[in-house]
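Trainee: The sequence shown begins at 1 in full-length UniProt numbering and counts up by one.
Note that these hints are calculated values from the structure, not bench results.
Mimicking DSBU-like on lysine-lysine, the simulated pairs with C-alpha atoms at most 30 Å apart in a straight line are:
{"#": "1", "residue 1": "Lys39", "residue 2": "Lys219"}
{"#": "2", "residue 1": "Lys53", "residue 2": "Lys39"}
{"#": "3", "residue 1": "Lys72", "residue 2": "Lys219"}
Note that the structure is predicted; figures quoted are calculated from it, not measured.
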Amino acid sequence: MTAELLFTSKTIGLPTKAQMNELLAVHGLGTLLSFNETKEGAMKQTLSIMSTKGEWIVKGNPIYEGQLEEEKYVIDCLAGKTSLQVPTPYIVHHDPAILGFAYSIMPKMKGIHLHDVGEKLIVADHSAIARSLAGVLKEMHEWKSLSYGQLHPLNHTIEPFHSSYKDWLFNRIVHWFHDAKKYSTLTEGDERWLYGELKRANDVFSKMNDPCFIMGDVKPGNFLIDQLEGQWAISGLFDFTSSYFADPLVDLTKMTLFYQRQDLVDIANQFIAEYTTGQPVIEVQLRLRIHLLHQLVLDWGYFHAMGQPIHTSFEKWVRTIFIHLQLE
1 MTAELLFTSK TIGLPTKAQM NELLAVHGLG TLLSFNETKE GAMKQTLSIM STKGEWIVKG
61 NPIYEGQLEE EKYVIDCLAG KTSLQVPTPY IVHHDPAILG FAYSIMPKMK GIHLHDVGEK
121 LIVADHSAIA RSLAGVLKEM HEWKSLSYGQ LHPLNHTIEP FHSSYKDWLF NRIVHWFHDA
181 KKYSTLTEGD ERWLYGELKR ANDVFSKMND PCFIMGDVKP GNFLIDQLEG QWAISGLFDF
241 TSSYFADPLV DLTKMTLFYQ RQDLVDIANQ FIAEYTTGQP VIEVQLRLRI HLLHQLVLDW
301 GYFHAMGQPI HTSFEKWVRT IFIHLQLE
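Start from the sequences and build out the full structure, keeping to the hints where you can.
Mentor: Encoded structure:
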């Protein structure tokens with residue numbers, strides 16, 4: 001059920017050298033040279049391994065039944081349907097004898113993370129990466145479904161959202177707004193404004209009928225960049241644990257906010273414009289505002305819960321971001 005927000009303390013831990021050598025031997029991947037936890041691992045589920053035959057990523061201790069099988073299915077589909085660089089072959093090993101749980105192993109892809117070189121990049125570099133990412137998402141979103149919903153992790157059918165995608169999304173936003181009240185002050189004015197936003201977008205979301213595969217967690221930690229033909233571009237895409245079938249604009253939200261928070265608002269706007277070229281402007285703005293609102297409700301609750309309060313009202317905070325992104 002990967003459209004759900006996952007909170008877990010499960011980690012892969014740090015196995016012994018003997019376990020790593022046994023794992024490599026099972027798959028004919030050489031002898032261990034080194035291994036360590038990855039800096040950018042999904043919920044600390046991943047290890048980076050270097051052997052005499054190459055470099056690999058191991059992902060283990062599944063969060064839910066079928067997590068690894070579901071990710072393999074998605075990666076295999078994307079490898080077959082698109083030209084995107086994804087970690088294939090993605091091998092799932094079900095026997096818990098080596099590590100104590102099922103795991104997957106995949107080749108380590110070429111490239112680095114955006115924030116590893118972010119301070120060294122000039123505006124033109126950021127612009128090239130944003131354009132490349134927009135192109136990658138456009139191609140990925142060509143994978144369509146007949147219904148909005150979640151991919152069943154074991155039988156790989158789409159389980160439609162109850163009632164409608166609009167209701168599922170709007171109810172989710174309201175749920176996390178009320179949850180955030182546990183950690184922060186949210187006024188009646190904030191709530192009226194939020195409901196006003198949902199009302200404004202009601203018709204647009206009610207009429208939507210083009211569910212696409214979305215990654216659900218497009219952020220710097222889940223893709224790699226490299227210089228291809230002298231220009232920075234996306235060189236790899238991974239971690240599909242949060243994927244489902246929905247409005248493709250969902251996949252713009254985290255990177256848009258990343259750029260906005262890095263004082264790269266022009267890049268954020270370029271990224272949005274590159275992806276949405278040729279689409280109705282007003283409709284795009286309404287949809288994107290709702291998806292950003294969804295993410296910002298979650299962020300507001302998280303920041304306050306982690307002792308990082310935002311010293312303004314929720315409405316003002318969100319509207320200021322909308323203004324920066326030319327969505328107000």
